[in-house]
Structures are given as structure tokens and as C-alpha cells.
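Given the sequences, and given the hints that come with them, work out the whole structure.
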Amino acid sequence: MEVRRWISSTTSLAAAALLLTAVPVVAHHSSAAAYDNTKKVEHQGTVTKVLLKNPHGFVYLDSTDEKGQKIEVVIEMGGATGMVRQGWTKDTLPIGSVVKVSGIPSRAPGSHGITEAKFTAPDGTPIAPTPRPEYTDR
Amino acid sequence: MSFTVWLEGSALAVWTRESGSIWAYPTILTLHTVGLGIVVGANAVVDFRLLGFVPRLPVPSLTPLFGFMWFGLVVNVVTGVVLFIAEATTRATQPVFYIKLTLIGLALVNTKLIQTAMFRDPALFESSIIPQRDKRLAAMSLLLWIGAITAGRLMAYV
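One line per chain: the protein sequences are A and B, in this order.
Following numbering that gives the first Met the number 0, the numbering of the first sequence begins with 0 at its first residue and continues without gaps.
Following numbering that gives the first Met the number 0, the numbering of the second sequence begins with 0 at its first residue and continues without gaps.
Derived from the structure by calculation, the hints contain no laboratory data.
Please note that a few of the clues may not be correct.
[What the hints assert, rightly or not] Here's a subset of chain A near chain B, in silico, CB distances under 8 angstroms, partners left out:
(1) Lys48
(2) Leu51
(3) Pro54
(4) Val83
(5) Arg84
[Unchecked claim] Straight-line Cα separation of at most 25 angstroms, SDA-like style, residue types lysine to any residue; simulated pairs:
(6) A:Lys48 x B:Ala155
(7) A:Lys52 x B:Lys111
(8) A:Lys39 x A:Asp61
(9) A:Lys89 x B:Arg90
(10) A:Lys52 x B:Gly8
(11) A:Lys39 x A:Ser11
(12) A:Lys52 x B:Ala155
(13) A:Lys48 x B:Ser1
(14) A:Lys48 x B:Lys111
(15) A:Lys52 x B:Thr3
(16) A:Lys89 x B:Leu6
(17) A:Lys52 x A:Ser62
(18) A:Lys52 x B:Leu6
(19) B:Lys111 x B:Trp22
(20) A:Lys89 x B:Val13
(21) A:Lys89 x B:Pro25
(22) A:Lys52 x B:Glu7
(23) A:Lys52 x B:Ile27
(24) A:Lys52 x B:Thr26
(25) A:Lys89 x B:Trp22
(26) A:Lys52 x B:Arg152
(27) A:Lys52 x B:Ser18
(28) A:Lys89 x B:Val81
(29) B:Lys111 x B:Tyr97
[Said to hold, decoys possible] With beta-carbon atoms standing in for the labels, derived distance ranges:
(30) A:Glu65 x B:Gly104: 48 to 58 angstroms
(31) A:Ala107 x B:Gln114: 40 to 50 angstroms
(32) A:Ala33 x B:Phe70: 30 to 40 angstroms
(33) A:Gly86 x B:Arg135: 16 to 26 angstroms
(34) A:Lys48 x B:Gln131: 56 to 66 angstroms
(35) B:Thr62 x A:Ser110: 46 to 56 angstroms
Where is the CB? At the ideal position from N, CA and C, for every residue including glycine.
Okay, here's the thing in C-alpha cells:
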């Protein structure tokens, strides 16, 4: 009797755990340690490098800050596994193309890192796959 | 071309790092965590028993757990090597990675000392009084494994 109850509760726990794995790779750990999710920033710049890799991909932009100084914007993405499954390829953001990106800023002073990024063309047209909406506003 | 650059360019490294397959990075990383659970879990059972917990459990009955530890270690060496080569150039420059390896090395020596003591003189452990030396080893084992896990986890953040 006890054993049967234990087995049924364990099975439901395991099922719940499996359901949780349906949460995509972008959510595998909180970004709040390194990024300030109470703020939002936007940059426009030229794509210089796209790294489609695990455990995290990165996109690099050459941009300018509000004083006109040249800056490098480093955008931390999810892992390659999730990016590829969302439809990212090496050609999604061609090197040299001009894009707009919005996301939450890095807490590191002096850096221009952002994450949970959305990419658009300078006119606002979406140009890159984004995580499904239900997972983006965390 | 440096060795780590060459490693990172190997087919296995590229597949692990860049493929969209769940059998690549996600599976290898999951197995690495399962192996960790087996190694440190089995170690923790022995350590807590030697420290005096669960006194009803005869210490000599725990010796098969060392087989589980070495099995888990093999899983983690294999998956760990693959995870390392996938990002060899960055991992090789992370001080916390070398701290992790050092702690694992010390923990393994410590585990081996406990194993040797338990096999050499099982009669010593039949009594409920655990020798002070082995209690110290057990406490050290817990600290070293916790340290190794912490250093490993920090590799994602520092």
C-alpha cells in the first residue's frame, strides 16, 4: 500500500519534471545575475561577428554611444541548440548588415552587453527568430 | 596553431558546440550532471556514515558503493573531455577550471584513502566506533566535493 502510494507520487513528480524540460534553453538559468532586467536598452549597429554556439551564442555589433564614441555591443544569446531550433543560421544576421537590437543591459560597468535580445531592421521589421513570446517577458 | 585551437576545431567539438541536436550539448551536459550525482552521491553516503550518521547501517556493507563512484567518474571524465574540447580555448584560460580539476584530484585521492582503509581493515569498521582519522577523511571528502561542484558551477559565471 505504502509502496504503491510512493510509486504513484514519484511517477507524477517525474511527469512534472519532464513537463518542465519543455521550457526552452533560453530559460536554463536566470540572466538576472549578470543583466539588469528592470532596464531596457536599444542599439543600432553593424554586425561584426555571430557565434552560434553552446552553451551560449553571441552576436557582436559595432555601434556608437550617445556621445558618438565607438562601442562594441555584445549580445548574449541562448545556446546553439535552442537558436538552431528557433531557425537561426549563420546567414540570419549577415556580417556587415545594419540592425537594431533591444534587450536588457549587462550590470558590468563600462560594458555594452545585452541579453534577451530582439533584432529588427533599422525600420523596425523583425529580422531574426526570437524566443517564443510566452518565455520572453520574465 | 595551438593545441586548444586544434581541439576546438575538431569535428566532435564543432558538433557539440554548434549543432541543434539535443543529443549534442544538452545530452552530454545532462550525462555530466548524472555522473556527478553518482560520484558525489555515493561518496556522500560513505562520508555521512563514517561521520556517525545512520549508525544501524554496517560500514562494510557500503564497500560496493566504491564501484558506483568509479563508474560515475568514468562517465564524467568522458563527458567532461567532450565539454572541454567544445570550448577548449576559453575553458583552458579559466582559473576556476583549474581550481575545479585540483579539487577533484584531491577529492579522488581522499576517496582512495577511505576505500583503502575500509578494505584493508573491515573489522575496524564492524564496531560502531569509527577511527578519528577516517572521520577526518570523511569530512574532508564532503568539503572537497562541495568545493569541486562549486568551482564547476562557477565556470558558467566567471
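To see whether the hints hold, each was checked on the structure:
no., hint, verdict
1, Lys48, "14 angstroms, violated"
2, Leu51, "6 angstroms, holds"
3, Pro54, "7 angstroms, holds"
4, Val83, "3 angstroms, holds"
5, Arg84, "5 angstroms, holds"
6, A:Lys48 x B:Ala155, "21 angstroms, holds"
7, A:Lys52 x B:Lys111, "38 angstroms, violated"
8, A:Lys39 x A:Asp61, "19 angstroms, holds"
9, A:Lys89 x B:Arg90, "24 angstroms, holds"
10, A:Lys52 x B:Gly8, "13 angstroms, holds"
11, A:Lys39 x A:Ser11, "39 angstroms, violated"
12, A:Lys52 x B:Ala155, "14 angstroms, holds"
13, A:Lys48 x B:Ser1, "22 angstroms, holds"
14, A:Lys48 x B:Lys111, "47 angstroms, violated"
15, A:Lys52 x B:Thr3, "17 angstroms, holds"
16, A:Lys89 x B:Leu6, "22 angstroms, holds"
17, A:Lys52 x A:Ser62, "23 angstroms, holds"
18, A:Lys52 x B:Leu6, "15 angstroms, holds"
19, B:Lys111 x B:Trp22, "33 angstroms, violated"
20, A:Lys89 x B:Val13, "14 angstroms, holds"
21, A:Lys89 x B:Pro25, "21 angstroms, holds"
22, A:Lys52 x B:Glu7, "12 angstroms, holds"
23, A:Lys52 x B:Ile27, "15 angstroms, holds"
24, A:Lys52 x B:Thr26, "15 angstroms, holds"
25, A:Lys89 x B:Trp22, "21 angstroms, holds"
26, A:Lys52 x B:Arg152, "19 angstroms, holds"
27, A:Lys52 x B:Ser18, "8 angstroms, holds"
28, A:Lys89 x B:Val81, "23 angstroms, holds"
29, B:Lys111 x B:Tyr97, "21 angstroms, holds"
30, A:Glu65 x B:Gly104: 48 to 58 angstroms, "50 angstroms, holds"
31, A:Ala107 x B:Gln114: 40 to 50 angstroms, "45 angstroms, holds"
32, A:Ala33 x B:Phe70: 30 to 40 angstroms, "36 angstroms, holds"
33, A:Gly86 x B:Arg135: 16 to 26 angstroms, "56 angstroms, violated"
34, A:Lys48 x B:Gln131: 56 to 66 angstroms, "58 angstroms, holds"
35, B:Thr62 x A:Ser110: 46 to 56 angstroms, "52 angstroms, holds"
Checked against the numbered hints given earlier, the structure breaks hints 1, 7, 11, 14, 19, 33 and satisfies all the rest.
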